[in-house]
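Protein chains: 2
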Amino acid sequence: MGLQISVLTIGDELLNGEMADTNTAAIARLLASRGFIVRDSLSIRDIAGDIVGALRYLARRGGVLIVTGGLGPTADDLTAQAAAVAFDRPQETSSEALAQIHRHFARLGMTMHPRNDKQAQLPQGADILPNPGGTAPGFRLCHQGCDCFFLPGVPAEMTAMLEQSILPALAKQAGQAEILHERVLKVFGLSEPKTEALLDAIRLPEGVQVAFGVDFPFVHVKLRISGDTATAHLEQAERLARQTLGDVIFATGTDSLAATVARQLTTAGQTLALAESCTGGLIAKLLTDLPGASAFLERGAVTYANSAKRDWLQIAESLLEQHGAVSAECAVAMAQGIRQTAGTDLGLAVTGIAGPDGGTPDKPVGTVFIALTTETTERVKGYRFPGDRDSVRQLTACMALDWLRRHLNARAQLKKT
Amino acid sequence: MGLQISVLTIGDELLNGEMADTNTAAIARLLASRGFIVRDSLSIRDIAGDIVGALRYLARRGGVLIVTGGLGPTADDLTAQAAAVAFDRPQETSSEALAQIHRHFARLGMTMHPRNDKQAQLPQGADILPNPGGTAPGFRLCHQGCDCFFLPGVPAEMTAMLEQSILPALAKQAGQAEILHERVLKVFGLSEPKTEALLDAIRLPEGVQVAFGVDFPFVHVKLRISGDTATAHLEQAERLARQTLGDVIFATGTDSLAATVARQLTTAGQTLALAESCTGGLIAKLLTDLPGASAFLERGAVTYANSAKRDWLQIAESLLEQHGAVSAECAVAMAQGIRQTAGTDLGLAVTGIAGPDGGTPDKPVGTVFIALTTETTERVKGYRFPGDRDSVRQLTACMALDWLRRHLNARAQLKKT
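Residue numbers (this note's numbering), protein chains in the order written: chain H, 654 to 1070; chain E, 654 to 1070.
There may be inaccurate statements among the hints.
Which copy is meant is left open, because identical chains are indistinguishable; a pair holds if it fits in one copy or across any two.
[Stated by the list, open to error] As a list, the in silico DSS-like pairs of lysine-lysine whose alpha-carbon atoms are at most 27 Å apart:
| no. | residue 1 | residue 2 |
| --- | --- | --- |
| 1 | LYS825 | LYS1068 |
| 2 | LYS847 | LYS771 |
| 3 | LYS825 | LYS875 |
| 4 | LYS875 | LYS847 |
These aren't lab readings, by the way, just hints derived from the structure by calculation.
Please construct the entire structure, taking both the sequences and the accompanying hints into account.
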């Protein structure tokens, strides 16, 4: 099972729509990077009774509890007081905490405001956690088998204290055997149920669990195991999953599809030019989100108007009249046109109807053509992507990137043989 | 006090550091916009026992419970099953839900995968909530005074169903007097503390509260009031805020900056061509996110390589040699070049160093030039935007769009006089 870790974030601003609770995600990410998994997280408002109730509910189950927020000097900061009530301890001024607050103000060349006294009034028996970046000291309390850490809600202070005080404490508590190892395989082009059905049919190494997640339009396959044999078993599980799913897996871990393609292009020394119609620059945007795109992206054309298709891509007026701008013929001509104009190894083009308007019975919304040309080859295919404008544009861009990925994979294989 | 609303989000991915739980914030925001405040929110993993425990804990307190996630077709989707256990009801196939899933696949021209059957197995007595965008139907269950709504975790589906099914139900439950009215003014080009300081100095109508939020790079000013005089007082508050803040306010409500500019261009009948370097297609992408861009966007050039700047924008080699591609001279030439090539009313160009590499002492990362040309005018300005690659690209795109907004505003004023 591993350590049972709960997170409690406290603050009105987390629940009134003003801001997202980024602390929970930051804590989960940091803990996951060390192999710890958060079991659950609760966000509540600055209401004394709710804080007391939540602390009792979460602490009752033992394990580890990480609390953020409500340690400030103002009247609506209630966490220390509520912790004293929840855990039946008196609240008293901690001289160590008070000294730390004084030191903080001295470092800034300031005198402590009397209100900051309040931040040293902690539940009896609390151990002080230093705060290198702010006034509020954190504290740690063990209550009936639950190890509770209280941190300020300011993200930078919270993160620094988590790294400095909590992660080492957790590492000490957890034996190596408890740490959960995870490998995420990212899939494009296979639905979640189909992916699961394929993996159901294979026998994974003992102890490896599979879970699924959707990050539209991608499916994430999560292989998990804890214990000494984790790494070897994960390797084997990934090998088996790859054998079964084949090349719908485009990345492992945190890589995006665009990042995968960018790396392939750079490694292969291949240059690319884009001609986008319905995606309106989205493919270029995705490829340039990460640095280094200048190594392979020569140029991109967003050719919304037919005049742009004629000028820049040498699309003949007769082709547009005969087949229309949304056609296999036009997509191929666009890819050839941009490749020749730019003088690149690859020319990629997309044209389609993203909607909501512009659909016809013959070519309904979601009709998209993708074309990829090289010096010696050309490939084109039509799709009918489901969903709204956003969905059609996302699917078009990802499918186009996936074409590049598969093309560059095949090319690399060919080079090897 | 108003309605007591709790949110429960379910999914391993929310707690293992893979992604932040955006659903809670989205729900809180939508509810807040209708005057409802979330009391607390709990996130848990796909573990049957934890889901049962959380449902019992949250439902025991009555009020309203909104649950998202775990309604998918795979084995790790456990919410419906756990709800049946938690609320002591048998699980049975809902013919209404099944029909809805079949209709969804039929709309997409696909056949239902047998695994999707699972999504129709709901706790007895559940009312079906239609899902206009996906396979998983939602459902509603009243259990011992707690009104529980179950929605899929896919953000777009969740949001649509919240608006369609839940908000009207909540409005029915809450009296009109309780409802908080809100008006959001969106600001670009003024920091949050500066915006607050300016508004602190004015006297708002009685009962109107001001809150602030940041949606980088924008600041949201939220004017809120409840009661019968709400509308009139909000009108007056908006007028005062506009007098004070002036034209840094680019929109009210849910409009984006790009949507504002798109509407202005369409209304003015002005056509636009873009030349993007460091933003790599982001401006074109933003302007084409919403339908109707073909009315004004003739074309966009993503000119990463200098060869593309020469070919398509007629940038002279000597200009590039003398001033470099990141210069005021190059930005103006790009804007003129794209405008002449495309034959549009407006030519907009950006060139800069988004980083992390490519900076020099003279032109550090964040150096960006923006240029806007018309038949009779040209304007160019250099910026040093702070932050990482993402931040520089966002700020560049938004500043460029803001130039268009201000230009079109001035033009509309001129036409009027």
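Verification of the hints:
In this assembly of identical chains, the alpha carbons of LYS825 and LYS1068 never lie at most 27 Å apart, being 47 Å within a copy and 67 Å across copies at closest. With identical chains, the CA atoms of LYS847 and LYS771 are at most 27 Å apart between copies only, with a shortest distance of 14 Å across copies and 53 Å within one. Taking CA atoms no more than 27 Å apart as the test, LYS825 paired with LYS875 passes inside one copy only; the shortest distance there is 24 Å, against 42 Å between copies. Proximity of LYS875 and LYS847 under a CA criterion of 27 Å is satisfied intra-copy only: 15 Å inside one chain copy versus 45 Å between copies.
Consistency note: the structure conflicts with earlier hint 1 alone.
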